[in-house]
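S.K.: Model the full assembly from the supplied sequences, consistent with the hints where possible.
Letter by letter, the chains look like this.
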Amino acid sequence: MSNVKTGSALIQGRDVVSLSTFSEEEIRAVVARARSLKAEGFEAPLRGRSLAMVFFDPSLRTRASFAIAFTTLGGTVIDLSAERDLWPLEIRDGAVMDGLADEHIKDAARVLSEYADVIAIRALARGGDWARERRDRVIVSFQKYATVPIFNMESVLDHPCQAWGDALTLEEELGELRGKCMALVWTYHPKARPLAVPHGVSVMACKLGMDLAVAHPEGYPLDQGVMTTLRHTAASTGSELRFVDDPMAAAEGADVVYAASWGSLDLHGRAEAEKERRESHRDRRVTSELMDRTNDARFMHAMPIRRNVEADDAVVDAAGSLVVPQAGNRLHIQRALFTSVLGVE
Amino acid sequence: MSNVKTGSALIQGRDVVSLSTFSEEEIRAVVARARSLKAEGFEAPLRGRSLAMVFFDPSLRTRASFAIAFTTLGGTVIDLSAERDLWPLEIRDGAVMDGLADEHIKDAARVLSEYADVIAIRALARGGDWARERRDRVIVSFQKYATVPIFNMESVLDHPCQAWGDALTLEEELGELRGKCMALVWTYHPKARPLAVPHGVSVMACKLGMDLAVAHPEGYPLDQGVMTTLRHTAASTGSELRFVDDPMAAAEGADVVYAASWGSLDLHGRAEAEKERRESHRDRRVTSELMDRTNDARFMHAMPIRRNVEADDAVVDAAGSLVVPQAGNRLHIQRALFTSVLGVE
Amino acid sequence: MSNVKTGSALIQGRDVVSLSTFSEEEIRAVVARARSLKAEGFEAPLRGRSLAMVFFDPSLRTRASFAIAFTTLGGTVIDLSAERDLWPLEIRDGAVMDGLADEHIKDAARVLSEYADVIAIRALARGGDWARERRDRVIVSFQKYATVPIFNMESVLDHPCQAWGDALTLEEELGELRGKCMALVWTYHPKARPLAVPHGVSVMACKLGMDLAVAHPEGYPLDQGVMTTLRHTAASTGSELRFVDDPMAAAEGADVVYAASWGSLDLHGRAEAEKERRESHRDRRVTSELMDRTNDARFMHAMPIRRNVEADDAVVDAAGSLVVPQAGNRLHIQRALFTSVLGVE
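Chains as they are written, first to last, in the working numbering: chain A, 1 to 345; chain B, 1 to 345; chain C, 1 to 345.
Read the hints as simulated data drawn from the structure, not as lab findings.
Hints are supplied without guarantee of correctness; some may be wrong.
Since the list can't tell identical chains apart, any single copy or any two copies may satisfy a pair.
Once the Cα atoms are required to be at most 35 Å apart in a straight line, the calculated DSBU-like pairs of lysine-lysine come out as [to be verified]:
#, residue 1, residue 2
1, K191, K275
2, K144, K191
3, K38, K144
Since we're looking at a predicted model, the values are computed, not measured.
M.R.: Written as structure tokens, this is what we have:
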């Protein structure tokens, strides 16, 4: 239990926006707290506390798991969906607001900070140029102006609660993760999918000392800044980090295959050109043949999953598939994070 | 109280999708528990438990009464409205998901089962052929794949919580219901209305041994499968079951007149042809003249009601009108069902 | 504390629709209770109670602060957004409902009264003629038919919880308000804004004996009925009440400058003509120069605020700006109102 309490003390008051801002020790301490809460249950330590969830984009898993995690701990949740509840927000400092926006993000963030003890934000890319989108201006502005901790419920760049919950699932399945091998495999999907999950999961794997092989076709690299983070992290934790084209090569000897699809960054916001590039990789999906190359690997995916397009039914429904428990663990990791960040036992 | 505890034990872990799947004893035990909760109050037995409500169609009464029933018992509710929060769901087993649907209903149901202790679904007909719609594939799929109890908040075929609450209201008003007479009267409505309420209420009346006279114009029978259930149920409980055309004949001597409108099944999904058939019955509404034929009958309707179209103001606002208390009793019967199905006192 | 308890006893069971229906003593008692709750905290006095919020128009601050105030006191909230959850409501008595409306407001109000202990309504103008809109028929109908207290979350005419919270903020900043001077200053805004805030705030100021100077351009008077109320109130509390054109004249010696924009009533619902009239006042905004004329005044605005259009950044972000605390005080005044109206300590 001393580990668990340390975890709480370590990250009290912190924003949860990217695993890259937490140390390996902090990440492990939160996982330990989640295991403890999951095993031992809890009372209502968040009684009187409130969470404001602001969705600029739709959500099922994240909405449900955030709300249920917070309220079953005794807290109160207000669910604000930006498309219907918020006016369009001005983001530029000093703007003369005579256009569409009725409110500045500065004021929205400061007012919500009056009502809520935590603010959680989902804000994905708007289909613009990647160099601009990757600045994650909505969540960065909330971090700048809010006076309470900010939780990232998926931004353009990252999805830390997904990754942190996956760490819990992996530790439950594989025990100590240092030296275990993850293959992160790009799969075909009819649409260009966000980068937040592959980014978050890669950072998590390197932070915890796993070896990581990322397999993707030409033209589908991860973000340059994230790759720099990965290389620095791997150097400090001793992770072996590889980027390959062939999924079979990545799967060789892997302890876990993590399937994900993502869009091409140099064609970000240019849907037709991106689609044309992607269509030549329609056959990239996780099959039983691929799983046979591994070290009896577990299968993971952040969901929603396109069955028989991203991965075959035989893989998704296999005994080693963790897709359902990893969704369930979102609840437990988020309970650990809320109580740690708010500094309650 | 022993009755009440028996009720709980009897239905713990069951899906609540249709009264036709419950015995008369079980139905009566839940009504008794609702009366007890209503009279004696309750603490917070659902603390730490959560309900996921999934609406594929809009709702006022059901949304409000489900949420308030569960949360005033100490539980937590997450309200997912499918049109904005869920991706379109794939329903076919083994499908290659390269179309519109981003997620299989199997995965949505399994993931929600990780977060919630109960899943409640509203999924009405989509305007297709009746033979296909009546299979109630959304709720049946959730029953198949979810690992927690499923509550029906109105499906194509049934609306059990409405009917169960109506049983509570009737028992409060008339005492023992065996041998009492219900006239279920088809009324005109500008739109073709769903069948779920007349189905659910008919099954409830027969299950509890009431005599039932259903009055509807030619071309507006109930579903064939439901009629078979009604005949079997009536035979076992001793209900007298009649189908007539003339509302006055049905009302003769009735203890309760239940007004409802529903569409024509052989024209299901063919709005114009159905509309033409229905227009010739514009004068079918519940009037004071009809109520005068009865045994000083109570008036019921599941709401929303079109005043002076389905029933005259004089009937809806009469002393014997139960439309408001029957809406209120949704709260009490659902508290009884939640605690019974979850096995808490 | 005796004051506080008196406040509770005084307004138990009352509708909260306009400050004009409360006495000065009642208004002050609720402010005192809010200060006490804010300073001393609270347990969960609303456990088992429920609030139904019905939004016919969008909301951020009001939605968040109503929900969080009620639930952190232990209560349960159901959030109904009329555009998606309610059918269009019939409002005329005795109507033959063969048109668009599926439900009469009478029945909606009575049914919600079965589920909730308080009903809160937001219903703004629909862009019609002012003589008709000012009748506030939605909220008046809910008051007529509901059997539980009605809270106004902003109607066509009034926004009492905003004004009441502003009274709390002013008292915290300025101490006793009698004889203090408020300048209510009309500002330009690209759209014709509602009248509810200036109405509510004016009535509050006069009720509490503040001197009030309202500055607005020709063609932008407050509602005639509200002005009659203001004159009567000012006569009884000794407020000095002035209506001027020049904002500088109103600001002279003021202790607080309250900025607000509102539409022209004789052009209500005629957007283009109103826009043309308003455009000639594009330069009406609160600047540092205006603030320099005051008695070191505090700056207030109900938000959302158009920065550098309604008021300059230098004013909104100044040390004397109360825009954030006044939003925060919504939470505290509403907690005081809920517990007072429901008669719990």
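S.K.: Determine for every hint whether it applies to the structure shown.
M.R.: Checked hints:
1. K191 with K275: within (7 Å within a copy, 41 Å between copies)
2. K144 with K191: Intra 33 Å, inter 29 Å, cutoff 35 Å: intra and inter.
3. K38 with K144: both (33 Å within a copy, 27 Å between copies)
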